[in-house]
Amino acid sequence: MVAGAVAAGAAVDRDPHRLASEAALGAGLGFRPSFRADLFRQPAQVDFLEITADHYFKAPPEKCDELDLLAAHFTLIPHGLDLSLGSAEGVDQVYLDQFAALIERISPPWWSEHLTFTRAGGIAIGHFASLPFTHEAVDAVVRNVETVRRTIKVPLILENIIATVTVPGGEMDEAAFLSEVLRRTGCGWLCDVTNLYTNAVNQGVDLDSELERWPWQHVVQMHFAGGHWHDGILIDSHACPTPPEVWRLLDTAVARSPVRGIILERDEGLPPFADLLDEVAQARAIGRRHGRWR
Amino acid sequence: MALTRIQATLARLFTDAPFRASFFADPIAVGGSLGLEPSEASELAELSPNAVEQFAASIRRKRLDEVRKVLPLTARALGDAFDRHVLVIIGGAVRRGRHRDDARALVDHLCRLSRSDDLAPPWAADLARYEATFVDALHRSACLLVRRFHFPVARLAATIHCGAPIGNVEPRKTISVWLRVPGRRGISHRIWYLFG
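So the protein lines, in turn, are chains A and B.
Using the working numbering, the first residue of the first sequence is number 1, and each one after it goes up by one.
Using the working numbering, the first residue of the second sequence is number 1001, and each one after it goes up by one.
Rather than coming from a laboratory, the hints here were simulated on the basis of the structure.
For each residue, glycine too, the CB sits at the ideal point set by N, CA and C.
Among these hints, one or two may not hold up.
Facing chain A, a subset of chain B residues (Cβ under 7 Å, in silico) [as the list claims (entries may be wrong)]:
#1 1055
#2 1063
#3 1181
#4 1185
DSSO-like, lysine-lysine: derived pairs with alpha carbons at most 30 Å apart [what the hints assert, rightly or not]:
#5 A:63 - B:1173
#6 A:58 - B:1062
#7 A:58 - A:153
#8 B:1173 - A:58
#9 B:1069 - B:1173
#10 A:63 - B:1069
#11 A:153 - A:63
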């Protein structure tokens, strides 16, 4: 069930202060088991890893061993898929408890989830669904984050998603919605640069002219990857090398943000590991150039 | 708008193709059956049907990819037909959406087709059941699973895994056992061919 009401407009500013004291992590990879052997041949080339939290819930012993091995060599940031922080019905306490157990096991500096809903009316959607950009939806996220914080004390950061469907009745645009959620919850922003770029392209928005409207001061971490075109739509498949437009936006975003870590988030069609390391190195160099880490 | 009702309706629209078609044909009546006020249904009817269909298609693709990851050998064996079979089991009906549930549903579907001799190759259902049992055993902390097959599934799996061509496969009664002892790593797997 959902938590009690949080006063509308009341800003919660605990996490920014905690996050401000966290050291920068640098540039890393979203961990995929298929490149585990390559990763351990060149661990110094990857500053930290993001793991898909759901893969370690009720995990068999072999996955637990994998988690312990990774945690022994890298800082791990757990990234959730199905907490459904935008669900008006509240968050699933069983799922939340599993997440809490994982976080207790690996003690990350922060953890992340998507600003979305994935469950409603007894249906697991299986994907990240856009929230209506309304004050009622902001209130739902705020309530759910409060619920989450009663179980997990480690700072939470929220990721912007791909908006395939725009829900009618919006009272603000995505930038204003995200800003309001971050202001009210005190969460940091996991800025998925590729999602920003993809939404702008598919919606015909000139992102350069709207950069000032995004809450860059709340950025803690970034994601980037390449997508592909399908039937005139840019798909965030995470299956291709990062295109020049996304590199340029990443550079712009890093220049504006107190970012602590950047993750290359490749899922499908993984290239040779050296190609992934090249992109990680390029992201690391961008962070260095803007003084985000040494 | 009541966010709970809106999200429940969106979840149906994204996952249930017959519901999607009927809602866009008559949003007030169909929305009303889910408790939407006429004004809420009218507002949701302003959704772009194309965008909703694209999102629904991306959900199907995602689920399809996840089932392929759970049953990679079955996917390789069935080739293009794999996607068609998976889309049958994830199209229309609302499921929980977990990829292992989808994989189990696919195995059941292939077994039904096999019983009515509508599956090619005929051993694909056995292979899927064999592969799914490994996944099942892997996700248990302890188990003793015993399965009977009509075809020599372990040899089939090894052949497909190596990428070698599969010739004509004769039925051969096979019993397979998976044992996972609490506190121990790995699964102990044994297979017996009963005749010949």
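Evaluation of the provided hints:
Given hint, residue 1055 of chain B at the interface with chain A, holds; its Cβ is 4 Å from that chain's nearest Cβ, closer than 7 Å. Here the hint on residue 1063 of chain B is kept, as its CB sits about 6 Å from the closest CB of chain A, short of 7 Å. The closest approach between the C-beta of residue 1181 of chain B and any C-beta of chain A is roughly 11 Å, which is over the 7 Å cut-off, so the hint fails. Annotation: interface hint on residue 1185 of chain B holds; nearest CB of chain A at approximately 5 Å, less than 7 Å.
The suggested pairing of residue 63 of chain A with residue 1173 of chain B is violated, with an alpha-carbon distance near 34 Å, which exceeds 30 Å. For the given pair, residue 58 of chain A sits about 22 Å from residue 1062 of chain B by alpha-carbon distance, which is consistent with the 30 Å threshold. Taking the CA atoms of residue 58 of chain A and residue 153 of chain A, the gap is near 21 Å; set against the 30 Å cutoff, the hint holds. The straight-line distance between the Cα atoms of residue 1173 of chain B and residue 58 of chain A is roughly 35 Å, outside the 30 Å bound, and the hint therefore fails.
Of the supplied pair hints, the one linking residue 1069 of chain B and residue 1173 of chain B holds, its CA atoms being roughly 28 Å apart against a limit of 30 Å. For a cut-off of 30 Å, the pair hint linking residue 63 of chain A to residue 1069 of chain B stands: about 16 Å separates their Cα positions. Restraint check for residue 153 of chain A and residue 63 of chain A: the C-alpha separation of about 25 Å stays at or below 30 Å, so the hint holds.
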